[in-house]
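Novice: Sequence:
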Amino acid sequence: MPPTKVRRSAVALLAAAGALLSTVLVPTSALAAPHPREAAPRQQEPQKTCDNRTSPPPPVDNSEQPKPGKPSPQPPSVPDQPVGGPRMGECGDVLPAGAPTPPPELAPAASWLVADIDTGEVLAAHNPHARQRPASTIKVLTALTALRELKLDDKVTATEEDAAVEPTKVGLVPGKQYSVRHLLTALLIMSGNDAAHAIGRQLGGQEQAVAKMNKLARELGALDTQASTTSGLDGPGQMTSAYDLALIFRAAMANTDFREMDRQKVLDMPNLSPARRITNDNKLIHEYRQALGGKTGFTDDALHTYIGAAEKNNRRLVVTVLRTSNQPAAPWLQGAKLLDYAFVSLPRNATKIGELVDGPPKPASNNSGVTTTGPAPQPAANKEQDNLAAPPANNGDSTPFGTVGLPLTALAGVAVLAAGFMTFRRKRAIARRRAMSG
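1 is the number of the first residue of the sequence shown in the numbering used here; add one for each residue after it.
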C-alpha cells in the first residue's frame, strides 16, 4: 500500500476514534437521566354531591316560618368526616360487596338505612346522611329525653294549650291528670301531638324541651339532627337523617321502659275525650311476627317517615326510611321489606360498611399537642409526581467508573488501538519493500 494511503487510513482511524471519544466524554448524568419533564396533572375523581347534605328540600308551606322577632336557626354544620365511617358519606345505595339489589318497594324513599341494634353495624343504606324532616319519628328523641329526666309515675295536668295542638291527638282533656308513662306511650304508639306537648311542658316548656332534645342528640353523635318541636310537626330548621334516626332509636332501645312502651299494641288510657282504647298505629307491630317496635310519621313537608325494628335468630335490626310515599307500598311495609332483605341477604359476616357511633367524634391531637377536629392534614407534596418531575441527582458515582474513570479508560483504549494500527502498517510496508528488493 502506498504511504499516502497508509496515512489516510490512519487519519480516518484517528477521526473515528475522536468521534468515539467525544461520545464517551459526554457526562454520564446526561446519559443516565431522562430529560426533565413536567409532571402530568393528577386525575381528580369527579366530586359527588349528595342531595340535601346541608338541609332538607324547601318547604311546601309556611309551617317553618320562625316566630316574629326570632331568626330562623342555621342548620348544623356538616362534619369534616362522615359520622359512622367513610362510606356513610356516599350517595345513592351504599351496600356491601356482592349484596343484591335492595327491595323495589324502597324506590320512592329519599334515604334509608338498616343496622344491627346490638353491634351498631350498618348493613346497608341509601343517602344515609342526607338531611330530611323527621315528622313524628322525632318523638323517639322526645321520649328518650323524657325518660332521662322525668319519673314515669309523675302526674301531668293537661292544659288548653295541650288540647289545642294540631292533630294527630289522643284526646287529652284540660284539667285532667295523666301519668308520664301514659303520655309517653300515647305519643309513641298513637303519635299523640297533645301528649308530646304535655311532655314538653313537663321538661320546662317547649323551647327548653327542644334544647334538651338537641343536646342529647349531640351527645349521642346524631349531628344531622336539629329538633324544633317535641311533636315532629314541621318547625324552623327541623331536620334529621336516616343514619341519625337509627342511632337515636338504638339508644332508646337500650332503655327497658322504652322497649315496653314502644311495642305495646293497645293502651287503655283514662280521661280521654272521646273515651277509647288507643291502638298502635305502627302496623309492623300487628303484621310482622318478630316486630320489636318503631315509629311512624307524616307531614306535608316531610312526607312519610318511618322507623321499624324486629328480631330474628337472636339478631335485632332497625330500619329507617325518610321522605317516602305510600306507593307502591305503605311506609311500614317498605320497612318490613328492608328488614327481610337484611335478615336474608346481609348475614352477620357481610362486609361492614359503617357503624352507629356511641357518641360525637373525638377530637384528634397532633404532634404539637394542639387538639383539632378538622380533617387530617394532607401531604405537602406528592412523592410520585416529584420523582417524575425531577431528574435523579448525580453524585459522581452513578456508574462503576464514576464520571471521570470511564472517559479516561476510553481515551487510553483509543490511544492503544491507534498505536497498534500504526505499528502494524509500518511493519507491513517494510516487509513489502524487502520483498521487492529481493
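Hints listed in this document are in silico derivations from the structure and should not be mistaken for laboratory results. In this text, a Cβ means the ideal position worked out from N, Cα and C, and glycines have one as well. Among the clues, some could well be false.
[Stated by the list, open to error] List of simulated lysine-lysine pairs, BS3-like, C-alpha gap at most 30 Å: (1) 151 / 176; (2) 312 / 215; (3) 215 / 67; (4) 265 / 312; (5) 337 / 352; (6) 362 / 337; (7) 151 / 283; (8) 155 / 176; (9) 176 / 312; (10) 215 / 155; (11) 312 / 352; (12) 312 / 337; (13) 337 / 151; (14) 352 / 362; (15) 265 / 337.
[As the list claims (entries may be wrong)] Between beta-carbon pairs, the in silico distance windows are: (16) 314 / 155: 36 to 42 Å; (17) 152 / 101: 42 to 48 Å; (18) 101 / 254: 43 to 49 Å; (19) 351 / 176: 16 to 22 Å; (20) 219 / 161: 46 to 52 Å; (21) 68 / 215: 31 to 37 Å; (22) 120 / 208: 28 to 34 Å.
Novice: Could you tell me which of the numbered hints above are not met by this structure, giving the numbers in increasing order?
Specialist: 2, 6, 9, 13, 18, 19, 20, 21
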